[in-house]
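Could you put together the complete structure from these sequences and hints?
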Amino acid sequence: MKIFHPKAYPLEGSLRTLQLQSSAHNSRVQANAGALTNFEVLDFLRSRGASTDPTRVIAPVAPSEFKVYDYLVQSAVCNQTRESINEFLKRCEKYDLANAEKLNIINIRPSSLVEIDPIIEECEKRMKSEDVEELVEMVVQVLPEHPASVGIERGTDVDKISPDQELMEAN
Amino acid sequence: MFFLSLIEHTLCLPPHLLNLPLDEAIKGELETLFLDKVIPNLGLCISIYDIRDIKDGFIYPGDGASTYTVQFRLVMFRPFVGEIIVGKLKSSDANGLKLSISFFDDIHIPVHLLPNPSSLMPNPENKHQGVWSWEFQDEQYPIDGKDEIRFRVHSISYPPIPIEQEKEAKPFAPMVITGSLDYDGLGPISWWV
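Respectively, the protein sequence lines represent chains B and C. Take the first sequence: its letter number 11 is residue 11 in the UniProt record's numbering, and every next letter is one higher. Take the second sequence: its letter number 61 is residue 61 in the UniProt record's numbering, and every next letter is one higher.
Read the hints as simulated data drawn from the structure, not as lab findings. Treat the hints with caution; some may be incorrect.
Said to hold, decoys possible - As a list, the in silico DSS-like pairs of lysine-lysine whose alpha-carbon atoms are at most 30 Å apart:
#, chain 1, residue 1, chain 2, residue 2
1, C, 88, B, 67
2, B, 102, C, 88
3, C, 90, B, 67
4, C, 146, B, 102
5, C, 98, B, 67
6, C, 37, B, 67
7, C, 146, B, 67
8, B, 94, B, 128
9, B, 102, C, 98
10, B, 102, B, 125
11, C, 90, B, 102
12, C, 37, B, 102
13, B, 67, C, 27
14, B, 102, B, 128
15, B, 102, B, 67
16, B, 67, C, 170
All values reported here derive from a predicted model rather than from experimental measurement.
What follows is the structure in structure tokens.
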């Protein structure tokens with residue numbers, strides 16, 4: 001019977017390495033040294049060598065890191081680029097969003113009013129409905145879409161052909 | 001969802017690793033120690049981001065291994081309260097729902113945080129499981145696990161390690177996320193698309 005879950009606090013490990021010292025020396029210098037968007041973690045894992053094809057066994061990436069990679073690759077962030085995120089941050093300054101809300105939007109990529117509603121706190125009080133619609137349109141334009149939802153959005157994208165072409169020319 | 005945490009740790013490097021370059025050996029040791037483990041109030045460690053500083057390199061008398069004080073940054077999984085995360089349904093019973101994202105399984109949606117009003121349709125085969133469904137404008141929307149579920153993080157708790165456990169109890173979960181579905185736009189994605 002296992003008392004300690006495999007993911008338990010590494011107490012025994014620290015004690016083992018510090019057997020000759022009188023005081024435990026595992027201090028957190030800075031608990032929060034910066035938030036990361038899902039895209040940045042995906043980029044970091046990719047730069048270590050994680051990928052979805054069969055060469056993954058040779059890469060210096062642990063199986064638990066692969067689980068994170070698999071989750072991120074089939075979420076909305078798999079097609080994002082640094083430029084699109086920077087573009088989004090520049091354009092959303094006029095809406096006065098909190099950092100947590102910007103992070104949520106980048107990670108989830110809401111494509112409709114009802115999806116952005118739980119992200120922005122007190123939506124009706126802070127922003128008029130035209131502003132919210134503008135924000136949703138800007139998100140759909142700037143952040144690349146999730147590959148699984150391409151079929152659903154194709155139907156509404158007929159009149160938005162020109163902004164997409166502009167983006168493609170810029171790339 | 002992810003944060004960087006700067007940690008300082010005193011690490012004992014076993015002698016059989018002396019043939020490797022120092023930073024590789026230290027990175028390997030740190031990975032064995034921290035990867036996929038939960039640190040209370042910091043979250044689940046996903047990966048070593050980088051090593052900032054390696055100091056000291058003492059050899060204590062009577063020991064063949066050298067001891068280093070290392071400063072490094074870890075990528076921690078620690079969602080903030082109010083974050084929206086997409087997960088899959090693992091199981092559902094009278095206490096609520098259990099969701100999982102592939103690397104983390106202990107996400108619990110208790111009954112009072114399900115969309116209101118919801119009702120449970122018990123599974124005839126297994127008394128403990130059932131399918132929750134939401135009644136809205138006279139229509140039933142079941143949460144059946146066919147597609148992914150969007151939930152908002154309500155709170156995170158780090159229960160202390162128990163001294164004793166009964167034989168049949170579930171393995172201890174050092175980090176538990178409580179989520180809520182009680183808002184527009186939350187719940188299975190197919191409800192809102």
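Hint check results:
no., hint, in the structure
1, C:88 <-> B:67, "14 Å, holds"
2, B:102 <-> C:88, "24 Å, holds"
3, C:90 <-> B:67, "16 Å, holds"
4, C:146 <-> B:102, "29 Å, holds"
5, C:98 <-> B:67, "19 Å, holds"
6, C:37 <-> B:67, "14 Å, holds"
7, C:146 <-> B:67, "21 Å, holds"
8, B:94 <-> B:128, "13 Å, holds"
9, B:102 <-> C:98, "27 Å, holds"
10, B:102 <-> B:125, "18 Å, holds"
11, C:90 <-> B:102, "29 Å, holds"
12, C:37 <-> B:102, "28 Å, holds"
13, B:67 <-> C:27, "20 Å, holds"
14, B:102 <-> B:128, "18 Å, holds"
15, B:102 <-> B:67, "25 Å, holds"
16, B:67 <-> C:170, "22 Å, holds"
Going through the hint list in order, the structure satisfies each hint without exception.
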